[in-house]
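**Q** The primary structure of each chain is shown beneath.
2 protein chains.
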Amino acid sequence: MSEKHFLHGFLNPKSVAFYGANNKGGSLAAIQIMNLIKSEYGGNVYPIHLNMESVMGFKAYKTISDVPEIPDLVVVVLSSKIVPQIFKEIGEKGTKKIILISGGFRELVGDGENNLTEQINSIANQYGMRFIGPNCLGVFNNWYQPENEDSAFNIAIWEQIRKDKFSIASQSGTLSSHIWFSPDDIDLGLSKSLSVGNEANIDIVDCLEYYIEDDNTEVIGLYIEELKRGKKFLELAKKITPNKPIIAIYVGGSEAGNRALKSHTGSLGGNSRIYDAVFKETGIIRTNYVQEFLDIALVLLRAPLPKGKRIGIITNSGGPGAMVANNAEKHGLSIPEFSEDLQNQLKKMLPSTASYKNPVDCTFDMNLPYFYITLPELLMKSGEVDAIIQYGVVGFQDVMDDYLKNAEIARHAEFPHLSDEKQDDLAEKLLQPTLKNSEKYSVPILYVSPMRYDSPWSKRIRNNGAILFKFWDRPVNALAKVCEYLDFKLKRR
Amino acid sequence: MSEKHFLHGFLNPKSVAFYGANNKGGSLAAIQIMNLIKSEYGGNVYPIHLNMESVMGFKAYKTISDVPEIPDLVVVVLSSKIVPQIFKEIGEKGTKKIILISGGFRELVGDGENNLTEQINSIANQYGMRFIGPNCLGVFNNWYQPENEDSAFNIAIWEQIRKDKFSIASQSGTLSSHIWFSPDDIDLGLSKSLSVGNEANIDIVDCLEYYIEDDNTEVIGLYIEELKRGKKFLELAKKITPNKPIIAIYVGGSEAGNRALKSHTGSLGGNSRIYDAVFKETGIIRTNYVQEFLDIALVLLRAPLPKGKRIGIITNSGGPGAMVANNAEKHGLSIPEFSEDLQNQLKKMLPSTASYKNPVDCTFDMNLPYFYITLPELLMKSGEVDAIIQYGVVGFQDVMDDYLKNAEIARHAEFPHLSDEKQDDLAEKLLQPTLKNSEKYSVPILYVSPMRYDSPWSKRIRNNGAILFKFWDRPVNALAKVCEYLDFKLKRR
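Sequence order for the protein chains is R and G.
Anchor point for the first sequence: position 470 equals 740 in the numbering used here, and the numbering is continuous, going up by one each time.
Anchor point for the second sequence: position 363 equals 633 in the numbering used here, and the numbering is continuous, going up by one each time.
Just chain R, same shape as in the assembly:
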């Protein structure tokens, strides 16, 4: 259905012209064309350049009127002063969609003093054109060719990102583009990203209208400095959040925050309380932290939504268990003491030094199938918890392999090295039953390890589709936010 929305064409153009590109790495337009090349864009590319014969291997044209077809989309990276003239030329050519990367519009001088924004809007209206920007970093569509894993329509992001169902609309180019540089501690990918900049013509509300119908968007992330169409936003968000959670970073309300906004996109910021009320009413999940923004999206995408706020903690170490319990309660989650019946069942399968009231502390003496399969299953089946945080996902084989690198140790130690294949098998056997139970009982399980995120065992956990965090701080916070969203959904019933 989203094909009918006008933004569809911005994300799926068959041909793109570029103003401002050359072959130099430092040039933003060149980077955009390089992104297209890297992401295997198959459409036509038309650089517009007064002097160059070709740009990045694509034949260049002196003016857009020389281009042999009407480009679906034009990207403009030029000094703001000449943008009105360029808009007219694009209008004359017949292209209806422009991405205006350039800054130097509303954010530099007050709205009143500056008529550049009005000028370009008026030209756009005259020719029936819509434009994204100014002062933005462009767009990214990871589902441009769904069947080609490596492809995207991408002028915005420096690296290849895995296809996912998280879509972003952002008044900051960094949030839409640069945080996707090497996501190295989270298994989150991206669906679509729209950097809306100053929103002179297209705003976040337009993006929401597009995402509501988009099948490849299951969770929406927003970075908001100012809402220009507050009422429309409210209406639309209410329609979206029952089905697709929205996570928002809103920056404003503080003095320095508002000052920063004024110079960033020229927005006026606003009263944080009003925005809080809007977010609360619409069930939008608010966070001030970029890492949390990503973490919440990950949990929402990869795990079933919990049915309540009761957290079961499984750990092989008391400290992290206590810290998780403490932080969870501080964030409005509950860590119920298990029923006597459940405690008795746990007691039977745990070592004598273990504890089983919640947190369940298996101690170091644990049996892997119990730890990964039996205990989580028991908790999920019990109906006494709505989500599980499990600490102690340690790659013992990795630790042992590391010791065996020492020649003196290797001479005496009596522990085997499991082959990579056997370890893969083991991880699958330990993880898959639990992930299936997680779906079956709708009880999310978040794994936590103190080891490197890219250590071999951590990778095996992640390759099974499990959600893994390094340290226990982030999963608790993310889960608390997911449960705020759950509250909203439960209240609406």
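It cannot be assumed that every hint is accurate.
Derived contacts from chain G toward chain R, CB cut-off under 7 Å, selection only [to be verified]:
(1) Asn293
(2) Ser452
(3) Arg529
(4) Ile605
(5) Pro629
(6) Asn676
(7) Met721
(8) Arg722
(9) Tyr755
Sample of chain R residues with no beta-carbon within 12 Å of chain G, all distances over it, derived [stated by the list, open to error]:
(10) Lys284
(11) Lys514
(12) Ile643
To be clear, the hints were calculated from the coordinates, so they are not data collected in a lab.
The beta carbon of each residue, even a glycine, is placed where N, CA and C say it ideally should be.
Chain R is fixed; fit chain G onto it per the hints.
**A** Coordinates of chain G only, in the frame set by chain R:
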């Protein structure tokens, strides 16, 4: 001076006997001996084992009485029931220091019902012995042989950790040992780590008494579930914090937290407000997050202490600047608008689309020496800021090198590859003047990048000794906590 404290011998023994070790990787005592081997411990090692001739290459003895010298230290990993007997044997041998790893004491049954703890304490008193534990993970001393970079006296930590001046005393073995598994997103090392477990004989107060005099301890980290000697702790902490900051995680106060504690170390937890009052009075920096615990230590160790709470923000992107400003104000830091004079100076050196009121947003069009040297220097010299957070520490060469891997791009792109050597030089030239200024003006500067922590440019920044964070959430929070400590110091004057 710390040599005179009785804990010195626990961290610098010339000989160690081990109860419970074998050659199997899963055994905790074996891991401890492997840690000693890996960390190049040069002293004598005596495994005590009824049947084995040798353990991990060290000749084993049937009883401690057979050991040919009086070991400085004995480590015990045995079932709790036989520990009293073992303590007697150790006492008869003449050893005065024991690390009791085993659990199964106070944490399992109530203090009243269980006399095991009393028994071992009474035996220890009888023989004039002191012991760490039970229910602990042992000790780590990275300065056992200061001249040997690879060496440590280490029975507690699985990997080699860089020598640093951060020392830990913890009622959780995870906080003292396992969080030091591959610290992969922070340039923090460790000085000493003491896992005190149930504190039957030696407690956190003893550790503080030791750390106050220890030249290799500049910042102290505590994990606290319960303070057994509250008054003494208060007195001592007051003496320490004016010179050596203390960072504490206190877990307790919440219902589930207290339940977790009871089963962890058998402690009674307590009222979080009382602990808050203690921390406030003593200037102890409190955090609930393990990542923040480490981040605060890093900032305190690597940067000069700021003189106030006024933060200057330098960024090449509006969004992160606004988010830093927003979060900083929320956490009690101030982001002052710069004086007209400073604004004019900044305006002269920035591109026309930049902003300069604070945050300073250089935009993407920035010149590296301005970004890394001139701007920070101007801010530091101005006297208008007490600390700087600088976002946009991006390795453009890394980005370009990545594009050049694409054959099509490489054919056309006109940007050079700087050699590694030249990039090293560049980083040094860009960073060193600013790090010197940071010390000179006592204005800490925290760098922030969206790129991988181990990307080439990020590594270059870090190799220069600069503090680098991925994303801008953590540095703001850490700086806010450092400034709470500063408040305490300023009030004491």
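**Q** Hint by hint, say whether it matches the structure.
**A** We went through each hint and held it up to the structure:
1. Asn293: Nearest chain R Cβ about 4 Å off; hint holds.
2. Ser452: holds (4 Å)
3. Arg529: holds (6 Å)
4. Ile605: Because about 3 Å separates isoleucine 605 of chain G from the closest Cβ in chain R, which is inside the 7 Å limit, the hint holds.
5. Pro629: holds (5 Å)
6. Asn676: It holds, given that the least Cβ distance between asparagine 676 of chain G and chain R is near 5 Å, below 7 Å.
7. Met721: holds (5 Å)
8. Arg722: holds (4 Å)
9. Tyr755: violated (20 Å)
10. Lys284: holds (20 Å)
11. Lys514: holds (23 Å)
12. Ile643: Given a closest Cβ separation of 19 Å, the condition holds.
The structure does not agree with numbered hint 9 stated previously, though it agrees with all others.
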